[in-house]
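> Chains as they are written, first to last, in UniProt numbering: chain X, 1 to 478; chain Y, 1 to 478.
Each hint should be verified, as a subset may be incorrect.
If several chains are the same, the list does not tell them apart, and a pair holds so long as it fits within one copy or across any two.
[What the hints assert, rightly or not] With a straight-line cut-off of 16 angstroms between C-alpha atoms, the simulated EDC-like cross-links for lysine to aspartate or glutamate are: (1) LYS322 <-> GLU89; (2) LYS63 <-> ASP173; (3) LYS61 <-> GLU148; (4) LYS391 <-> GLU191; (5) LYS381 <-> GLU369; (6) LYS426 <-> GLU402.
Just so you know, these hints were derived from the structure itself, not from any lab.
The model shown is predicted, which means the values in this text are computed figures rather than measured ones.
Number of protein chains: 2
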Amino acid sequence: MAKEKKLVEAITAMDEDFAQWYTDVVKKAELIEYSSVKGCMILRPNGYAIWENIQKVMDAKFKETGVENVAMPMFIPESLLEREKDHVEGFAPEVAWVTHGGNKKLEERLCVRPTSETLFCDFYSNIIQSYRDLPKLYNQWVSVVRWEKSTRPFLRTSEFYWQEGHTAHATADEAEERTVQMLNMYADFCEQYLAIPVVKGQKTEKEKFAGANATYTIEALMHDGKALQSGTSHNFGDGFAKAFDIQYTDKNNKLQYVHQTSWGMSTRIIGAIIMVHGDDSGLVLPPKIAPVQTMIVPIMQKKEGVLEKAEEIRECLSKNYKVKVDDSDKSPGWKFSEQEVQGIPTRIEIGPKDIEKNQAVIVRRDTREKIFVSLDEIESKLSEVLDQMQKDMLERAKKHLEENTHEAGNWDEFTEIIEKQQGFVKAMWCGETECEEAIKDETGATTRCMPFEQEHLGDVCVHCGKPAKKMVLFGKAY
Amino acid sequence: MAKEKKLVEAITAMDEDFAQWYTDVVKKAELIEYSSVKGCMILRPNGYAIWENIQKVMDAKFKETGVENVAMPMFIPESLLEREKDHVEGFAPEVAWVTHGGNKKLEERLCVRPTSETLFCDFYSNIIQSYRDLPKLYNQWVSVVRWEKSTRPFLRTSEFYWQEGHTAHATADEAEERTVQMLNMYADFCEQYLAIPVVKGQKTEKEKFAGANATYTIEALMHDGKALQSGTSHNFGDGFAKAFDIQYTDKNNKLQYVHQTSWGMSTRIIGAIIMVHGDDSGLVLPPKIAPVQTMIVPIMQKKEGVLEKAEEIRECLSKNYKVKVDDSDKSPGWKFSEQEVQGIPTRIEIGPKDIEKNQAVIVRRDTREKIFVSLDEIESKLSEVLDQMQKDMLERAKKHLEENTHEAGNWDEFTEIIEKQQGFVKAMWCGETECEEAIKDETGATTRCMPFEQEHLGDVCVHCGKPAKKMVLFGKAY
Ligand SMILES: [Zn+2]
Ligand SMILES: [Zn+2]
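Chain X with its partners taken away, still in its complex shape (with noise of 0.2 angstroms):
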C-alpha cells in the first residue's frame, strides 16, 4: 500500500523544476536508493542491469580489438600516487585515505583509487622488458572514490562505476592511434546503442586530465541544454613511463619509454540516457539497452485463457527479446505507470477480446503509439517497432542537438545566448587560459571540446579579440 501511494504521485514535470524531475525520475523507476554512507548510492536491480547491459556490449567491443581484462588492488600506496606530480596536484585533495588495517596504523598511509594510472604504472615497470612485451591493452571493471561535497545520483558520487583502459605502446603514433580509436568506440557506442548523438573534440589545457598530453572528450547535450562529458580519452606521451620508470629494450637493442594511453566511461553514463531521453512520465531507455525490452500487461487475467496466451507471447518472444508478463495482482492501469515510469520500450497489451480477434496491442514507450498487431506476426512486428523506436529516438536527440547548437560571432551574442538561451555555443577563441577562465566567470559557460571538426567562424576570440586560434564548443555542463 504504501507503495502504491508513492507511484501515484505524479512526477515533477520536467518544465517545472528539471533537477527535481531527475531525481523523482531516478528515484520512482527504482535505479538508485540513497545509502548510509555520505555520496555513495545504491545501484538498484533497474540500475544495475542497464549497467550490466553497457559492460556486456563495450567489453566485447573492448575485446576485438585486443583488450584483455585484469584486476588491480583498490588502494594505492601514498608514494606511488606521488610519482607523477601533475597526477598527484590533481588527485590527492578528493581521495579518501585509509589510515587504519585491523587495529594498527599503517606505516604508509593508503589512499582509494580515484583512477588507477599510478597502479598501472607500477605494475608495467615490472611486466615491460622487450618490445615483444608490447602493446600492453588492458582494462578494469571497477568502482574508483572521489571524495565529492554535493552530489547527484550518477552525475556525481562519491563512488562511481567504470571501466578504465590502460595502455603502453612502443610508438607515440601507436599511443595516439589507440586514444583516438577508443575516443570513436565511446562516440559510436552512444549513438548506435544510447541514441545519443556526441560531440567529439579535443579538451583545453585547462580542461585536461591531471598528467595527459592531451585529453580527447565525447560531449553530449542533455534536455535541459547543458552539456554531459560522456567519455573520455587521454594521450599520456612518455610523461608517466618517465615518472615510473617504463622502459622497454627495443629490436635494435636500445632502451626506450613506452607511450601511454588511457580512456574511461561510467555510470554517469545512465544520467545522460536519463537526461536525453525521458519525459514527464518517467525514464524512455533505448530498446539495444533496455534490461527489459517490452513488458506483456494481460488485461482481465482472471479471465480464462487470457495468462495462458501471455504466457504463450512471452516464450515466443523471449527467443529474441527481453520480455516479462506482469501478472500482479495491481490494476493494467497500475501496470502501464509502473512500464512507464521504468522506461521498458514496449508494452503488449492482451486482453479477452484481443484473443478473439487474435490480436494484441504493441504500445511504444516515447509516442505512445498504440500497434494492433495480428498475434501470428507479433515477433516480427515488434522487431520493427523496437527498430524503429531506436532510430526515432537518435533522430529526436539529433534534432534537439542541432537546434540547440548555436554560434557567437561576438561577445554580446555570446552572452545573450548563454544567458536567453540553451544549449552549445560555438565560438572563436584566442587559446589562451586566462581568457578562458573569464569566460567561465562572467557566463557560467565552460569550454567543453575543441571539436574535432573545426569551422572557422571569424579570425579573432569572442572574448577578448585577440588572433583566434580554434573554434570551441562552450556551454554550461553538470
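Got chain X sorted already, so can you dock chain Y with the ligands onto it with the hints?
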C-alpha cells in the same frame, strides 16, 4: 630474453615443496603479479579470465533462480557495522579504516567492506514494507577487504574478489530452503565445471559465520591433503532483521521480521583449481572453465601453407571452442611449455608432414596423450577429447578424495592419521566447543564440517569419550 630465462627455470616439484610449487605455478602461469600494496595482488589477464568464466556461469545460474544484481557502497559507517554484536566482533579486528575524505577528517570513520550484511540490512529496512516486497534476492560481484598479516595468492589476500548474495524472505522455511539451494549450486558448479568434488556439511558453532544461525560449507581436498573451504551459505534467521528492524506487514496486516541468508564464493576457488589439478609442469585447467581450450601450435611455421592451415583450423574450431594460434617466433618446444604451464587443456600440433597426411595431433594437457586425427573430423574429435578430459579430471579428483578420507575410531587412530597420512578424517564428536579446541591444539586439525551425509562410526567422541552427537570431518586447512 629475460622472459625466456624465467620460464625455462623449472617449477619446483610438488613433492619437494608444495608451497613453493604453488607460488611458482601462480607466477609462471601469469595468473598473478604482486603489487606495491601489501597483501593485495594484481589479477593478470590469465587469472582474471578464469574468474570471468566463473562469473559468467555462476551469474547465469543465480539469475535462473530469480536473483538480481545490485551494487552497494564499498564503505560501511562504523555505527552501522556495530549494529549486530556477533558480526562486529567477528569482523572489526580485520577491517581497513578510512578516516579522511579529501583533506578533511571524517566525522565518523568508515570501514572498507569486509562483507556487506550490514549494508544490505540497512537497504532492506528501507525498501521492504509489505509481504509483496518479498522475497528480495540480491547479489553483487565486488571485492572486499580483510586485513591479513600473512598472505598467499588467491588463498589469503587483503583484498579479494567474490560474489555475495543476500536474500530476505517472509518465512524461516523459505530462508532455509534458499541457504541449502545455494550451497548445492556451489557444490554442483565445483563438480560440473571445475571438476572438483566437495563434501557438503554444516560448520560447528565455533566455525560458523559471525552473526549466522547456521553456516553450510563445501570443503574440497587439495593435492597435498589439506582442506580448502570453497563456498559458504549462511542462514541468519531473524537475528539481523531484529538488529536492523527489517519488518514487513503480512497478509493479515501483522508486522513480522524477515528471515535472511547470505552466500559467497570467491577467487579462492582459483587456488583450489590450481591445487587439485596442477602438476609439476604447471596449471591444468578443466576444459569447461579454461579461457583458452586449445592452442594451435604450427610446426615449421615458415614453410608455405602451415600458418594458413593453422588459421583455417582455428576458424573452423572457434565457432564452438575458445581457440588461439601461437604464431609467435618462439620455437615449438617453447610454445609447448608455455601452453603447459598455463594449463591450456589441449594443444593441436600441425606441421608440413601432418598437412600432407591431412591430419593433426591433439595433445591432452593432463595425460599428455597424443591423438592423431584427420582434419576432416577435427571438430568432433576435439569435442570428444575435451569432454573426456573434463570427466577424467573429476574422476581423478574423486579418487584422490576417497583415498585420502579416513575414519578414526579412537584417539590413537586419529593422531596417527593426522601425523602420518594426509587428508580428511571422519570421526565422532561430542559437540562441545572446548573439545573441538583441544583437538585443534593437540593436532592442528580443525572441524571442516558436520557432513550432511552422516555415518554412525561409534557412540562416543573420538577425543573426550563423552556421548557422540555428530560425525565430523576433520582436516588441516588453508
Ligand atoms: Zn581570448
Ligand atoms: Zn569430545
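> If a hint holds in the structure, say so; if it doesn't, say that too.
Consistency of the hints with the structure:
Within a single copy, LYS322 and GLU89 get their C-alpha atoms no closer than 46 angstroms, and across copies no closer than 44 angstroms, so neither meets the 16 angstroms cut-off. With identical chains, the CA atoms of LYS63 and ASP173 are never at most 16 angstroms apart, being 21 angstroms at best within one copy and 45 angstroms at best between copies. For a Cα distance limit of 16 angstroms, the shortest separation of LYS61 from GLU148 qualifies neither inside one copy, at 31 angstroms, nor across copies, at 37 angstroms. In this assembly of identical chains, the alpha carbons of LYS391 and GLU191 lie at most 16 angstroms apart only when taken from the same copy (10 angstroms versus 47 angstroms across copies).
For the identical chains of this complex, LYS381 and GLU369 are intra-copy neighbours only, at 14 angstroms inside a copy versus 54 angstroms across copies, given an alpha-carbon limit of 16 angstroms. In this assembly of identical chains, the alpha carbons of LYS426 and GLU402 lie at most 16 angstroms apart only when taken from the same copy (12 angstroms versus 75 angstroms across copies).
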